[in-house]
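Could you use the hints to bring the two separately framed chains together as a complex?
Here is how the chains run, residue by residue.
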Amino acid sequence: MGEPMLRVDVDVLDALSTTLFDAAIVVGDLDPVTATACAATGMPESAVGPAAAETGWAIARAFALISGNFTTVSEAAASSARDYDIVETEFRTLLAGLSGRA
Amino acid sequence: MRVGLTRLRAWQPASLAVAAAQVTDLSRAVDATVRAASARTGDLLESWSGDTASAAVVRLTTERVTATHLTTAVNASVDALSEAATALGDVRTRAIEIADAAIMTGFAVADDGTVTAPVFTTGTIADLLFQAQLDEQARAIEARLVAVLDTAGDLDESAATALRKALTDLDILVATPSGGRLGGGVTAILDGNAFLPDDPRELNAFWESLTPAEKDALFAYDPTIGNRDGLPVVDRDHYNRAHLPELQERAAAHLAQIEFRHPDWARGENTPRERVALDDAGGPGFFEYERWAAEHDAAKESVSGLETIAEQVDRDGLPRFLLSLDGDGRAAIASNNPDTAQNVVTFVPGTGSRLSEMGRDIDRSERMLSAAEDADNSTRTSVVTWYGYNAPQTIVPEAGQERFADAGAPRLDSFQDGLRASHDGPPSRNVIVAHSYGTTVVGHAARSGGSLDADALVFVGSPGVGVLHADALALDSVTTSDMHDHVYATAAAADPVPAIPSILRPLDLHSAAHGANPAGEDFGAQVFEGNPGESVRLPVLGHVGVDLGSHSEYWNDDNPSLASMGRIIAGLPL
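Keeping their order, the protein sequence lines are chains A and B. When the count follows the working numbering, it moves up by one through the first sequence with no breaks and lands on 102 for the last residue. When the count follows the working numbering, it moves up by one through the second sequence with no breaks and lands on 574 for the last residue.
If you're looking for bench data, these hints aren't it; they were derived computationally from the structure. Given the structure is predicted, the values throughout are model-derived calculations rather than measurements. Where a beta carbon is used, it is the ideal one built from N, C-alpha and C, also for glycine. Incorrect hints may have been included.
To be verified - Pairwise CB distance ranges (calculated):
hint : chain 1 : residue 1 : chain 2 : residue 2 : range
1    : A       : Trp57     : B       : Thr93     : 27 to 37 angstroms
2    : A       : Trp57     : B       : Glu402    : 52 to 62 angstroms
3    : A       : Ala64     : B       : Tyr221    : 46 to 56 angstroms
4    : A       : Ile86     : B       : Ser178    : 32 to 42 angstroms
5    : B       : Pro427    : A       : Val33     : 48 to 58 angstroms
Claimed, not checked - Chain A stretches covered by chain B per the calculated footprint, using a threshold of three residues with CB under 8 angstroms from any CB of chain B:
hint : segment
6    : 19–25
7    : 40–53
8    : 58–71
To be verified - Some but not every residue of chain A turned toward chain B, in silico, with C-beta under 7 angstroms:
hint : residue
9    : Val10
10   : Ala15
11   : Leu16
12   : Gly28
13   : Val33
14   : Ala35
15   : Thr36
This is chain B alone, in the form it adopts within the complex (with noise of 0.2 angstroms):
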């Protein structure tokens, strides 16, 4: 049914996206108060036993469970209320604009489409022939504004049946808590008979299809599903929220473990200094010292990594959404909900990136987000910080490896795939923007046969991304020959990493050096600039960058490279 410009016009499809971030809260908080509810009678029964502590036990995994489906049927009205605010809030938006545009140029339009071109009279014969083209203009505008109309009539229907299944969903689940009978899908799935959609895009579509108490049985069955990509973003985060206490349990407990075999060297006491052994003394030699040292370092990182996560998923702001995490260093945090933003971001980083430090990089990604909101503020805009793999830690020897890159790449291919699945509404602008070594993890997907999933690629700050020209990269849906308009790079004068190649290759140090330079000259890229930082002009060398802080300023505000960022997020011209 066709819906009237001045009701589109009162339309707000915003605040449909404003109920979902404010049930997004709710359901968060239901969620917390059980799983701490949870935890502390866990810990009071644990003191009690007999048939009627074991009967509460049971009682209260019940309560647990019932809880659980019903807050997982809450964010499916989450999911219906955030694709109806991105769909309906596109279609508005290009209705208006064709009104508004032929309004302005002197055509009449009436609230159900028609429109009728201004009467041109001169008082000559050429008037019947401009009168003609402007009937016709008019025709052509009234045809593409009622497409558009009608389309806004068909979108509000779909997305209050999409509602209204949820709801119902919601009620027939508070009438049977249980959640009723699995299907055989998921049966099969729980039974080891089958295995869930490895391509996102089947994964998405499986998903959608099932219930509550489906989802719910198959996060029981496998904790790290809300690491798949392809589920919706608002699912990602209630099962990884779900899953961080026990992931921080047991890094903790590993570490207590580790400690707990040398508690004097744990506590700073009776370590070895020397590169001597200590077995005369019948005690541990140096190199146990350093094995367990490593090992000790590596579990309070994790603990340590999984405490930021915690504590930045939890953050006052921006909405933000757990969509990754492992036992292992890796997580995923996106400021604002990606299946709901016209723009995409993910911002890759590059070495010595690590869990523990990851605000750092989330707010150069809530950085980026603010530039492409200025650049265009009719836009939204997510930004993803992607520590999705595993970086290199040393600049000598790790950053000059390529094995980090190509253990990150197919993580990268496939999160960006994941992205586009789940994504509501209209396809967004995906954008990938990387620093550092992230860089060349980018160019690694991207490269040799792989191809990422993505309208831009940015690189900042890098080291080399395995290719000499940008159309040896590949993006899904950009020819080889209009590479050059969708890469762009950026780097700074004084910046010593992104001269990294050019000094390696001529010392005959290929292996080491990662491709050329993509803000060189014949790269290829579109050179965007920013603030030099400090250099030296040195006899024959000329200006070589020397300051190490300018690999790091690329995000600060009074850089133009972060505008210029912006403008490409936001699909602009530099």
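Bound conformation, chain A alone (with noise of 0.2 angstroms):
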């Protein structure tokens, strides 16, 4: 009777777990530092300049807590997928077991 009920868990949390996965290398894989380094190097002894790429680099430190928040969900999920599996593998077993002894 509970056997439905583990998988459709492990599916969704597996499910999950790809989808954050996915969503945080992507954000990572921006790079605003790039971005702002034109309007450094185009605003030579500006004030503007230095401020144009620290913005960058701020940039950046937002786009990391983004996928390192999405990365640490998915890598949670991606754990309880794999705690719901050896769940269900040993009361599998464990029913396997009853069955044969009956």
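Next up, the structure:
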């Protein structure tokens, strides 16, 4: 009776993990430092040029936080899915054992 | 601190605009990724219940909100970069123009802005007099140049300060992703004890004082907040893009609901074709079908219109900004950022305009943008394709009615005020170009006590603008006696639409005529020519415009009217 319930949870968790992992990769690959570097080189000996470059680094930290958060939740989902899988396998083995004894 | 000329010449403020555009693309990519992941995880979690699932929902919602706060904060950096590009670009151009003009006429210009007159020696007594005049000119040029170089230094510092504030806000948010406590002004709005300012300038000032988390809180409270005139363009675009999927889902659900009522009719089966009652057979009557079909068509148009918006804002090419959209067939899309452009055009289309066909008018907008930049490539132009009113959908009777113009006029007025309020740097040249019934909307907004915040009006193929003379229209910063210099019109000889007023007036159908043809001799506009189109010569009536196609050809590449519009937009003489 419990088997289908466990299987659904594992599938959902796996899909969740993959979705979030993919999103984390996309966000993590974005490069705001290069995007703002042209402002720093295009405005030599100015106050705004270095500020623009610093902005690129600040945006990179923000993107890293988003990517990191998604990765954390993705890993948690993957880990839980493995746990469910183990529980399901153990449960199935247990059931098989009980059935053999009967 | 004064900036030296050599340093100023080396600056490329456009690089700040490039950085802003690239960061905008990245921010949009994050938004799109987070939205797609949220939608996918939302679907997954629907099939999962229990405490663990609830915890997952809470956690994912938290991550989505954090990501939204962060991209909102990133947009503040974009705004600061864009503003710096505009302000520094303008001051650099002015300084170099002054210095180069002086050098061309023989003056020596030092790096710090000091100007020295050429030595005038002919060996006569007049030398002293001429030399004194030249020295006086040098002092006058120097005063202007030094002031601009000082301004450049101040703007550089203030731009750096604005950027550092934006990045500090971003770093604070990274450290405290929840965004901290909301301010009293925002809390009062969320609690229903206060409202956002209606006036675009007041709203802009209020908005600029908010933290990213406060802006997001107001968006969560009112998902249509991106439509508010006065918000910075980058934020309007950010929130309207975020709202678009919800509107699409709602429109799709509404269509599905209508089709569910009559699945066979939705498939085109069993539709009553005659105006006879089918109730005898226990089925629905023809009139019920007509009502259902009208509702169905409107719902399909809504779905299709929003799909078009989604597709258009992500098109390759010029950067596009979604300035407004709602579920009632209205939207506005800018090509290039109006907040940072020197020339800002609002293009108001006419009869038959509908969101699902907005691409045609965006193409016209971008043709005008190119024509303006061809006319003067030293200035940046942005054109907004403004579908901010519900246009008449039929020539007869709707295009003869004033109600569409009356409903659109206050919306256009507010939109223009918003463009002015959110613009960065020196005021832009704002021009409204209107086509067909769109000209009537503009006229209704600028007459009878109304006034538009624009520097020029351009009426193209107009059926009348609600007045008989240009000086009956009003622009905020133009006196009545000068209106002639600020109103332009064109009408192809074969375009039948501008002939409508002269046909209907003698027939005493004043209510269906929207005033005089603004391209007519007595109206008092500056008339520019285009291709005449095909016409026929009839007895008594003479040449009669019969080429309906000419009504849609004003933006064709080979039509001189397009180049004229470009010159008007750029502020050049015709």
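Hints, verified against the model:
no.	hint	in the structure
1	Trp57(A) to Thr93(B): 27 to 37 angstroms	holds, 30 angstroms
2	Trp57(A) to Glu402(B): 52 to 62 angstroms	holds, 56 angstroms
3	Ala64(A) to Tyr221(B): 46 to 56 angstroms	violated, 29 angstroms
4	Ile86(A) to Ser178(B): 32 to 42 angstroms	holds, 35 angstroms
5	Pro427(B) to Val33(A): 48 to 58 angstroms	violated, 34 angstroms
6	19–25	holds (count 4)
7	40–53	holds (count 11)
8	58–71	holds (count 9)
9	Val10	violated, 11 angstroms
10	Ala15	holds, 5 angstroms
11	Leu16	holds, 6 angstroms
12	Gly28	violated, 10 angstroms
13	Val33	violated, 11 angstroms
14	Ala35	holds, 4 angstroms
15	Thr36	holds, 5 angstroms
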